[in-house]
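Undergrad: Dock chain B against the given chain A, drawing on the hints supplied.
There are 2 protein chains.
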Amino acid sequence: KKINSKASQLTVLDMEKDEESTFDYDKLIIATGARAIVPPIEGINLEGVVTLRSISELDRFTSAIDSIKPKNAVIVGAGYIGLELAEAFHILNISTTIVEKFERILPRFDPEMAELVHNHLIENNIELILGDGIVSINGADKATSVVTESGRIIDADIVVIAIGVKPNIELAKDCGIEIGKTGAIAVNTKMETNFKNIYAAGDCCETIDRVTGETTWIPLGDIANLQGRVAGDNAAGGNAEFPGAFGTSVFKSFELNVAMTGLSETAAVKAGLSPISVSMTKGDRARYYPGGKELNIKLIANKNDGRLLGAQIVGPGVSDKMIDIAATALLGKLTCQDMENADLAYSPPFSPVLSPMIVAAGALSSRLKK
Amino acid sequence: KKINSKASQLTVLDMEKDEESTFDYDKLIIATGARAIVPPIEGINLEGVVTLRSISELDRFTSAIDSIKPKNAVIVGAGYIGLELAEAFHILNISTTIVEKFERILPRFDPEMAELVHNHLIENNIELILGDGIVSINGADKATSVVTESGRIIDADIVVIAIGVKPNIELAKDCGIEIGKTGAIAVNTKMETNFKNIYAAGDCCETIDRVTGETTWIPLGDIANLQGRVAGDNAAGGNAEFPGAFGTSVFKSFELNVAMTGLSETAAVKAGLSPISVSMTKGDRARYYPGGKELNIKLIANKNDGRLLGAQIVGPGVSDKMIDIAATALLGKLTCQDMENADLAYSPPFSPVLSPMIVAAGALSSRLKK
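Chains A and B supply the protein sequences, listed in that same order. Using the numbering used here, the letters of the first sequence correspond one by one to residues 1 to 370. Using the numbering used here, the letters of the second sequence correspond one by one to residues 1 to 370.
Rather than coming from a laboratory, the hints here were simulated on the basis of the structure. Check the hints yourself; a few may be wrong.
[Stated by the list, open to error] Straight-line C-alpha distance at most 25 angstroms; calculated SDA-like pairs for lysine to any residue:
| hint | chain 1 | residue 1 | chain 2 | residue 2 |
| --- | --- | --- | --- | --- |
| 1 | A | Lys-173 | A | Ile-154 |
| 2 | B | Lys-293 | A | Gly-283 |
| 3 | B | Lys-370 | A | Gly-232 |
| 4 | B | Lys-370 | A | Thr-189 |
| 5 | B | Lys-303 | B | Gly-213 |
| 6 | B | Lys-252 | A | Gly-292 |
| 7 | B | Lys-173 | B | Asp-155 |
| 8 | A | Lys-303 | B | Pro-243 |
| 9 | B | Lys-252 | A | Pro-290 |
| 10 | A | Lys-142 | A | Glu-42 |
| 11 | A | Lys-293 | B | Gly-291 |
| 12 | B | Lys-293 | A | Pro-348 |
| 13 | A | Lys-370 | B | Asn-225 |
| 14 | B | Lys-333 | A | Asn-119 |
| 15 | B | Lys-303 | B | Glu-255 |
| 16 | B | Lys-142 | B | Ile-91 |
| 17 | A | Lys-303 | A | Ala-236 |
| 18 | A | Lys-71 | A | Asn-125 |
| 19 | B | Lys-71 | B | Ile-94 |
| 20 | A | Lys-166 | A | Ala-140 |
| 21 | A | Lys-370 | B | Ala-236 |
| 22 | A | Lys-333 | B | Ala-236 |
| 23 | B | Lys-333 | A | Lys-370 |
| 24 | B | Lys-166 | A | Pro-348 |
| 25 | B | Lys-333 | B | Ile-208 |
| 26 | A | Lys-293 | B | Arg-285 |
| 27 | A | Lys-101 | A | Asn-119 |
| 28 | B | Lys-369 | A | Gly-228 |
| 29 | A | Lys-369 | B | Gly-237 |
| 30 | A | Lys-293 | B | Lys-142 |
| 31 | B | Lys-333 | A | Pro-243 |
| 32 | B | Lys-369 | A | Ala-236 |
[As the list claims (entries may be wrong)] Which chain B residues stay away from chain A? Per the calculated CB distances, all over 12 angstroms, these:
| hint | residue |
| --- | --- |
| 33 | Asp-18 |
| 34 | Asp-26 |
| 35 | Ser-67 |
| 36 | Ser-95 |
[As the list claims (entries may be wrong)] Which stretches of chain B does chain A cover? Using the computed rule of at least three CB atoms under 8 angstroms from a CB of chain A, they are:
| hint | segment |
| --- | --- |
| 37 | 219-225 |
| 38 | 245-258 |
| 39 | 314-327 |
| 40 | 339-348 |
Glycine residues also receive a C-beta, built at the ideal position from the N, C-alpha and C atoms.
Looking at chain A on its own, in the form it has when it is part of the complex (with noise of 0.2 angstroms):
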């Protein structure tokens, strides 16, 4: 509820009782994670509007779920979790639209590897609305369709809201320390804020994206789950350092695996440097051993010196694997040169005899060399 951090004391609520409780501290951590967003429109408190975020959240969902028994959803938002949750719904035969405010989906990809998951979602029978926000929720106690931006209006016995998360910078906002310019609260590498013995952890607090070096705020919970760690090293006394990250991820849609890592082409350019790319389609095992399945990748380098900025991979295959290698290279600054001439594991089972991203890597370097 509030810090005092004259006093180094931190006073709790307790919300089922009422009670506040004061605590000093020695060392004082702030990982108050993030909320999703829930936009003030007509209709929002309706029963069958949800978010799905915390624990709570999500009992209320499956009760949801339970209760109305939905025909019909709508999903808010195209980014991770409306895309998985779009997944889980139609398994449970419920026909689902996506409304989604930007013109396609995933925006942190280029447009043509999205472009792949959006085809995917249409073919597994998803609809999408794009480039359309929602104004409203009609109903009486019960949300029964969503109206957009553009007038049209959408059957909806379950309206999930999913268009992104805040961080919860209230507490720390209140008691003076520093906000970044992201919205969260601003850390140095040892996680710490702006205050003497106060650290902040994961949601709620920035990071540094490692290919620009420029401050950033990627609410994914392997970065909040590593920062912890080094806020909770350093409070303990020690010297630990989370240099920051590269927004690696991944997530599945129905047969895709969709992955990407680093900075993508549109992104690159925006940060000012001048990128070159590669997209091939290739298998993921030797071609006669069965049970191989396609990526498709795409691969991003600086044209001046070809160290890797980014990768993108879309498929059935082993999209986290292509990533993982990919987020490695970044981290080691490697270019397309030194990924041409990698080392990676090969017999059937498991790879072509040149890795995916060995293809790819060499034919960005042969690029460069023209």
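TA: Only chain B this time, still in chain A's reference frame:
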């Protein structure tokens, strides 16, 4: 058949027609590969005694299986080929014994990691006879049994000699091309031999161990492929380099995926380094997500600076993914401290929140601090 390097001529013998032809060359690439080592023991030419390296050997092998319909197999040698074959024989319901002259299987792995595979073979009813070579093969025209150094006689109607390969260097040697201390053709990073305009690539030539910087010989298909590309590029006027390899490899043994890269702890000590290591067993997915499998990881780093030296992974889980992360980390000369904060892709179908590779690196890093 013969290289006349002064005249830039190559003489080829057509074995079928028994005719010699001579070709002029501007650039010559020697890609003569390697062949299976065949010990000159009694009975080696009996029917049912086979090697498994070339396509013609494969044809001979499959015909032998078809005509003999073997009940008992002896595999001589407990390397990758021998172990992969044991599984194939098991599937064909052939009772299988592996005879290996060394005291243990998989000498490139550390003993405790090799032991996991050893135990798994036993569980799958493969008999292992270690520290015992074969001295002769009994039989009139068909093999019937194998005799070992210790005097054991093992019934065998098929005997596979899989004790290793040696480089085909005769053509190069006859012409006076330098043979390295490993016994394979010496080349520089451009894949040039010591003779002008003559290159070598693949299993017939040496390479650099990128951890130790020493010259080594790694007859693996993916390395041969990479070397061939570099030799071809340079022979065609390009300027490519093959910087060496880590000996990254993976194979499947029944339910285990077995992978390694870089130096084992044993090899690191032998190379005069001071390694430290951690070993752990981890799941390859979030605990609550179905289908996750276990991995046994061993990660080895330099005690002085934490630089990663090698990794070994054995388990039913995604060993191939983990080893490719490790191999890329070696390529980037990364330390365990670097890898402790790697940004690898997390979501429950693909990984625990922290990749086993991050957890292992973190454990190594903690040990270094002590």
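Undergrad: Against this structure, judge whether each hint is valid.
TA: Cross-check of the supplied hints:
At most 25 angstroms may separate the alpha-carbon atoms for a hinted pair to count; Lys-173(A) and Ile-154(A) exceed this at roughly 39 angstroms. At roughly 23 angstroms between alpha-carbon atoms, Lys-293(B) and Gly-283(A) fall within 25 angstroms of each other, so this suggested pair holds. Restraint check for Lys-370(B) and Gly-232(A): satisfied, since their Cα atoms lie roughly 18 angstroms apart, inside the 25 angstroms limit. The suggested pairing of Lys-370(B) with Thr-189(A) holds, with an alpha-carbon distance near 22 angstroms, which does not exceed 25 angstroms.
Among the hinted pairs, Lys-303(B) with Gly-213(B) is consistent with the structure: their alpha-carbon atoms are about 18 angstroms apart, no more than 25 angstroms. Annotation: proposed proximity of Lys-252(B) to Gly-292(A) holds, straight-line Cα distance about 15 angstroms (limit 25 angstroms). Restraint check: the Cα-Cα separation between Lys-173(B) and Asp-155(B) comes to about 41 angstroms, which exceeds 25 angstroms; the hinted pair is violated. Only pairs whose Cα atoms come within 25 angstroms are accepted, and Lys-303(A) paired with Pro-243(B) is accepted, the gap being roughly 22 angstroms.
Annotation: proposed proximity of Lys-252(B) to Pro-290(A) holds, straight-line Cα distance about 14 angstroms (limit 25 angstroms). With a C-alpha separation of about 13 angstroms, the suggested pairing of Lys-142(A) with Glu-42(A) holds against the 25 angstroms cut-off. Our distance criterion of 25 angstroms between C-alpha atoms is met by Lys-293(A) and Gly-291(B), whose separation comes to about 18 angstroms. Our distance criterion of 25 angstroms between C-alpha atoms is met by Lys-293(B) and Pro-348(A), whose separation comes to about 20 angstroms.
In summary, the hint linking Lys-370(A) to Asn-225(B) is supported, as the alpha carbons are separated by about 23 angstroms, within the 25 angstroms threshold. Among the hinted pairs, Lys-333(B) with Asn-119(A) is inconsistent with the structure: their alpha-carbon atoms are about 40 angstroms apart, more than 25 angstroms. With a CA separation close to 34 angstroms, the supplied pair Lys-303(B) and Glu-255(B) exceeds the 25 angstroms bound. For the proposed pair Lys-142(B) and Ile-91(B), the alpha carbon gap of about 23 angstroms is at most 25 angstroms, so the pair holds.
Taken as a hint, the Lys-303(A) and Ala-236(A) pair is broken in the structure, with Cα atoms around 44 angstroms apart against an allowance of 25 angstroms. Simply put, Lys-71(A) and Asn-125(A) have alpha-carbon atoms about 14 angstroms apart, close enough for the 25 angstroms limit, and the pair holds. Restraint check for Lys-71(B) and Ile-94(B): satisfied, since their Cα atoms lie roughly 5 angstroms apart, inside the 25 angstroms limit. A C-alpha spacing of about 29 angstroms is found between Lys-166(A) and Ala-140(A), which places the hinted pair above 25 angstroms, so the restraint is violated.
Straight-line distance between C-alpha atoms of Lys-370(A) and Ala-236(B) comes to about 16 angstroms, which keeps the hinted pair within the 25 angstroms bound. Straight-line distance between C-alpha atoms of Lys-333(A) and Ala-236(B) comes to about 30 angstroms, which puts the hinted pair past the 25 angstroms bound. Annotation: proposed proximity of Lys-333(B) to Lys-370(A) is violated, straight-line Cα distance about 29 angstroms (limit 25 angstroms). The suggested pairing of Lys-166(B) with Pro-348(A) holds, with an alpha-carbon distance near 22 angstroms, which does not exceed 25 angstroms.
About 15 angstroms separates the Cα atoms of Lys-333(B) and Ile-208(B), which keeps this hinted pair within 25 angstroms; it holds. Restraint check for Lys-293(A) and Arg-285(B): the C-alpha separation of about 20 angstroms stays at or below 25 angstroms, so the hint holds. Proximity of Lys-101(A) to Asn-119(A) is assessed by CA-CA distance (about 18 angstroms); at most 25 angstroms being required, the pair is judged to hold. The hinted pair formed by Lys-369(B) and Gly-228(A) meets the criterion: a straight-line CA distance of about 19 angstroms does not exceed 25 angstroms.
Note on Lys-369(A) and Gly-237(B): the hinted pairing holds, with a Cα-Cα distance of about 13 angstroms set against a maximum of 25 angstroms. Of the supplied pair hints, the one linking Lys-293(A) and Lys-142(B) is violated, its CA atoms being roughly 43 angstroms apart against a limit of 25 angstroms. As the CA atoms of Lys-333(B) and Pro-243(A) are separated by approximately 17 angstroms, the hinted pair is consistent with the 25 angstroms bound. A hinted pair counts as satisfied when its Cα atoms are at most 25 angstroms apart, and Lys-369(B) with Ala-236(A) qualifies at roughly 15 angstroms.
For Asp-18(B), the non-interface assignment is confirmed: its Cβ lies about 34 angstroms from the closest Cβ of chain A, beyond the 12 angstroms cut-off. The beta carbon of Asp-26(B) sits about 22 angstroms from the closest Cβ of chain A, which is more than 12 angstroms, so the claim that it is off the interface holds. Distance check for Ser-67(B) against chain A: the nearest CB is about 24 angstroms away, which clears 12 angstroms, and the non-interface claim stands. The claim that Ser-95(B) is not at the interface with chain A holds, since no C-beta of that chain comes within 12 angstroms of its own (minimum 24 angstroms).
Requiring three or more residues with a Cβ within less than 8 angstroms of a Cβ of chain A, the coverage given for the segment 219-225 of chain B holds, as 5 such residues are present. Counting residues of the segment 245-258 of chain B whose beta carbon lies closer than 8 angstroms to any beta carbon of chain A gives 9, which reaches the threshold of three, so the coverage claim holds. With 7 residues bearing a CB less than 8 angstroms from a CB of chain A, the segment 314-327 of chain B meets the requirement of three and the coverage assertion stands. Judged by the Cβ-Cβ criterion of 8 angstroms, the segment 339-348 of chain B is covered by chain A as claimed, because 8 of its residues qualify and three suffice.
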